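J.: Residue-level listing of the chains:
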Amino acid sequence: MASHGVSRAAATTVRSEEARQKELQQIDTYKDLVNQVNAKIVERQYTIEVLSLITKLLNENPEYYTIWNHRRRVLITLLALDPVDRGDRASPEELIENDLQLTFSLLRKFPKCYWIWNHRDWILQKGESTLEADTTRRLWSGELQLVNKMLHADSRNFHAWSYRRFVVAQLDRIQSGSIADAEAPKSMIELEFEYTTKMIKINLSNFSAWHNRSRLIPRLLDERKADHNARRQLFDNELELICTAINTDPFDQSIWYYHQYLMSTLAPDCPEQSKIVPNLTTEDRTKYYAHEMEYIQEILEDEADCKWIYESLLHVAQCFLVIDAGTDLFTTSDMRNWLENLQRLDPLRKGRWEEVGASLGK
Amino acid sequence: MALVSGPGRGGMSDMPVEMRLFVDKHVRYIQSLDTRKDELEYWLTEHLRLNGLYWGLTALHLLGHPDALPRDEVLEFVLSCLHDNGGFGAAPGHDAHMLYTVSGVQILATLDAFDELDRRVPGGRQKIGQFIAGLQDPETGTFAGDEWGERDTRFLYGALNALSLMKLLHLVNVDKAVEHIQSCANFDGGYGTSPGAESHSGQIFTCVSALTIAGRLDLVDHDKLGAWLSERQLKNGGLNGRPEKKEDVCYSWWVMSSLANLKRLHWIDGRKLTEFILQCQDPELGGLADRPGDMVDVFHTVFGIAGLSLLKYPGLAEVDPTYCMPREVTRRCLGK
Ligand SMILES: [Zn+2]
Numbered sequence: 001m002a003s004h005g006v007s008r009a010a011a012t013t014v015r016s017e018e019a020r021q022k023e024l025q026q027i028d029t030y031k032d033l034v035n036q037v038n039a040k041i042v043e044r045q046y047t048i049e050v051l052s053l054i055t056k057l058l059n060e061n062p063e064y065y066t067i068w069n070h071r072r073r074v075l076i077t078l079l080a081l082d083p084v085d086r087g088d089r090a091s092p093e094e095l096i097e098n099d100l101q102l103t104f105s106l107l108r109k110f111p112k113c114y115w116i117w118n119h120r121d122w123i124l125q126k127g128e129s130t131l132e133a134d135t136t137r138r139l140w141s142g143e144l145q146l147v148n149k150m151l152h153a154d155s156r157n158f159h160a161w162s163y164r165r166f167v168v169a170q171l172d173r174i175q176s177g178s179i180a181d182a183e184a185p186k187s188m189i190e191l192e193f194e195y196t197t198k199m200i201k202i203n204l205s206n207f208s209a210w211h212n213r214s215r216l217i218p219r220l221l222d223e224r225k226a227d228h229n230a231r232r233q234l235f236d237n238e239l240e241l242i243c244t245a246i247n248t249d250p251f252d253q254s255i256w257y258y259h260q261y262l263m264s265t266l267a268p269d270c271p272e273q274s275k276i277v278p279n280l281t282t283e284d285r286t287k288y289y290a291h292e293m294e295y296i297q298e299i300l301e302d303e304a305d306c307k308w309i310y311e312s313l314l315h316v317a318q319c320f321l322v323i324d325a326g327t328d329l330f331t332t333s334d335m336r337n338w339l340e341n342l343q344r345l346d347p348l349r350k351g352r353w354e355e356v357g358a359s360l361g362k
Numbered sequence: 001m002a003l004v005s006g007p008g009r010g011g012m013s014d015m016p017v018e019m020r021l022f023v024d025k026h027v028r029y030i031q032s033l034d035t036r037k038d039e040l041e042y043w044l045t046e047h048l049r050l051n052g053l054y055w056g057l058t059a060l061h062l063l064g065h066p067d068a069l070p071r072d073e074v075l076e077f078v079l080s081c082l083h084d085n086g087g088f089g090a091a092p093g094h095d096a097h098m099l100y101t102v103s104g105v106q107i108l109a110t111l112d113a114f115d116e117l118d119r120r121v122p123g124g125r126q127k128i129g130q131f132i133a134g135l136q137d138p139e140t141g142t143f144a145g146d147e148w149g150e151r152d153t154r155f156l157y158g159a160l161n162a163l164s165l166m167k168l169l170h171l172v173n174v175d176k177a178v179e180h181i182q183s184c185a186n187f188d189g190g191y192g193t194s195p196g197a198e199s200h201s202g203q204i205f206t207c208v209s210a211l212t213i214a215g216r217l218d219l220v221d222h223d224k225l226g227a228w229l230s231e232r233q234l235k236n237g238g239l240n241g242r243p244e245k246k247e248d249v250c251y252s253w254w255v256m257s258s259l260a261n262l263k264r265l266h267w268i269d270g271r272k273l274t275e276f277i278l279q280c281q282d283p284e285l286g287g288l289a290d291r292p293g294d295m296v297d298v299f300h301t302v303f304g305i306a307g308l309s310l311l312k313y314p315g316l317a318e319v320d321p322t323y324c325m326p327r328e329v330t331r332r333c334l335g336k
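Those protein sequences? They're chains A and B, same order as listed. Going by UniProt numbering, the first residue of the first sequence is number 1, and it counts up by one from there. Going by UniProt numbering, the first residue of the second sequence is number 1, and it counts up by one from there.
Just chain B, same shape as in the assembly:
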């Protein structure tokens, strides 16, 4: 894994202390996640296992430690979550759902394992593609999460994300999906979970990313949405998700990735945001939290680190704002 140009990790000890990223601590924290089987929390969060693996693996790649988790064990686990119908569950024995199918595909892409998938599960890629395509509502263009039918722009984005990584976008009606996104747009330039819902940074990330994949960013009012997104930055440097809400590290990602796709990242103060994200580290045991002093988790760890990567923090691998994956991986999958 190539690191982006600029000072490497070795140079980081020269940084002022408030600008230090504790790379080794974060690597160890992520490695420790699967060894916590004596904690009830480990079992209570089994429904997030595959997402967690995607978050951890992506963070490690961005930190420049792509091999910190054993590749064959990761691959083995991912395949153990794959159902006959082509969908992935959160863990073995959990039902197939879009949310985990996307994570499964993202992990396979990051491991460069699509060929291995097809060798071990004949027609594997095609099967996964069919599972996703089957969840599109032909009338509205949106996507359900699973057979039970809940619809949300998160699933629409997930579908386009995973299908494009597998080069199977032609299995769905992209124009219809774009139409649906348009119907979720609000006067402020943002998007909600469904038509009529309030603009929310998380949903804006899904809609802007989906439009990026569809090649239809021309439908977004860049200045209007860019302005709304830039107003998410608060005095302490952190970003919130909606007007008059508190800052939170995960919004560093939802907001910044959209600003990056709209080429408006310079509309917020990157230095202050970097400092805020770094304050959310646990300097002893590694990992990042939602806010300074809070308990860390792998979700905020990856989105904090991915945010730092967008902010060009020295030594981190480049992240793709549309996919939240290493740019090197998406370049390989998409051929661009």
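Next up, chain A with everything else stripped away, as it sits in the complex:
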């Protein structure tokens, strides 16, 4: 009912009578399965047998959220069974592994289905309250492998990125709750930061990775207990990284947004917890802005038709004016010139450029 990327030509061929009959039969079989499951749930038959009927149905239709709820109702009962009553039926660990497998195979086919991601989250939380701490830790670490696979298949899947942040938070929580090892493993934040570097190197255009990086940096610095110099060092490294990226492909939006992010942390009104280097002086800021403008103008020499360059120059110039209205590094007529180029190169956003023009004054 909300289909994406399905060609109409392929979908609207007229069904033969034979095909129609076959489809009617499929409908009967499907409805029969739905009715069976619903009837057993009404009777509160929360058994292994019903669980496998549910599995069958979810494999046919993982979007059927009520059936996922039914699955949880059954599992809650089965997980709580006394070992004596359970006999040789599935143990809690087996039940949980089973659902992890089910959701994994479904996610491979339906990577954007909210309900599958939700169930996976639910079953792991359930596992944590049911199983031994060691098993739980093993399960959560396994989740990182799953997310790696999902992001390998689609590096922008925002479900997978959200889930990644969630899993990391769980692992951090478990880690901080356990006794520190003699040789403490590398913290999750360091590893996650490295992961974004790796993803960016594979594909510069992966804004999801750049975004995650921007979210990790303040936490990374806190965890490293970084002093002023260390913070500056990291900021300078990031600037160098993004400038190389800009040079590689100045037409990619993702890269410019990350550049914009770095610039936003310089602003005096940047929220304290988002700043990379606190306690910057006006002189420090001036130097950074001047350096960026110079660098971007250099690229302009080869890429006079890249609108992002002009947009960025205008943006940095506006930031500059906030801290030093009297700078002689550029003039209003430079700004007007960049704007004219934007109007030339980017007619889609004509209305926006007109307003920017008005804000520049006469």
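Nothing false has been slipped in among the hints.
Straight-line C-alpha distance at most 25 Å; calculated DSS-like pairs for lysine-lysine:
id, chain 1, residue 1, chain 2, residue 2
1, B, Lys37, A, Lys56
2, B, Lys245, A, Lys198
3, A, Lys201, B, Lys245
4, A, Lys307, B, Lys224
5, B, Lys245, A, Lys307
6, A, Lys307, B, Lys263
7, A, Lys350, B, Lys246
8, A, Lys307, B, Lys235
9, B, Lys312, A, Lys350
10, B, Lys245, B, Lys272
11, B, Lys246, A, Lys198
Derived from the structure by calculation, the hints contain no laboratory data. Nothing here was measured: the structure is a model prediction, and the numbers come from that model.
Start from chain A and add chain B with the ligand according to the hints.
T.: Showing chain B with the ligand alone in chain A's frame:
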């Protein structure tokens, strides 16, 4: 249903062919949706039935055919999805969830049926309000989708949307909800599904709309977010949902509604977007798809048409950018 001023549908045949909207085909397409019971897809999408009805009904209202679906049958179906706890499921026998409760309320509002609801289900409106209010997390201000607890800014928006239509916003802590939205904000001016998540046009729609309902648009950096949203327009006129992604008709709605609330709709090229949306029509059987040449569905049909309404396409009824409902309906419910 009054049509907005400007040339009526009769004038549309004078339009150049690439600017034509096939109103009658779309009406027939929507009417046909409930007659497809011999297709497996009909049964596999039962979990979207109530959303589908809201999408179809809204599209029909915007197209100027509010009576194309039988009112009493629609009302009957909506009420058959209402649970004792005040929540709606997607269809009879499906569990109650925020997503369907909002659609249920939106349909009742569009049908002007709140009084009928209270007559047939004593205290009905109040019950629905309590169901929604019960899903707010008192600590963070956000909302869960149902008793199982999944949280997402979609549910927060849904809650404020439905409660405001029923004049029951006082049942929840709006300030806390606003605080939560703030915690989902990113440096680019946009919002994600939860704190720390990447900006995404769909979530921006939910957050900007929720802030509009809460009367707190002052918290949004209009120029920064407006700039980000305007960059969603691609050369072919279509809009994408995030940087470096493909265009898609449903984003016409998520992006444009937010631009409209920020009074920045003129920051994109409306003519090119109109042409793109119109190319996504099925000119023979009606309906709109995500992209030209793809299979149509009612989801992209309503968001395409609502987008055209924001673009002031002639003959369409005015849409409310905050609610994705006919403006006439929200004016009646909200009294403004
Ligand atoms: Zn879409």
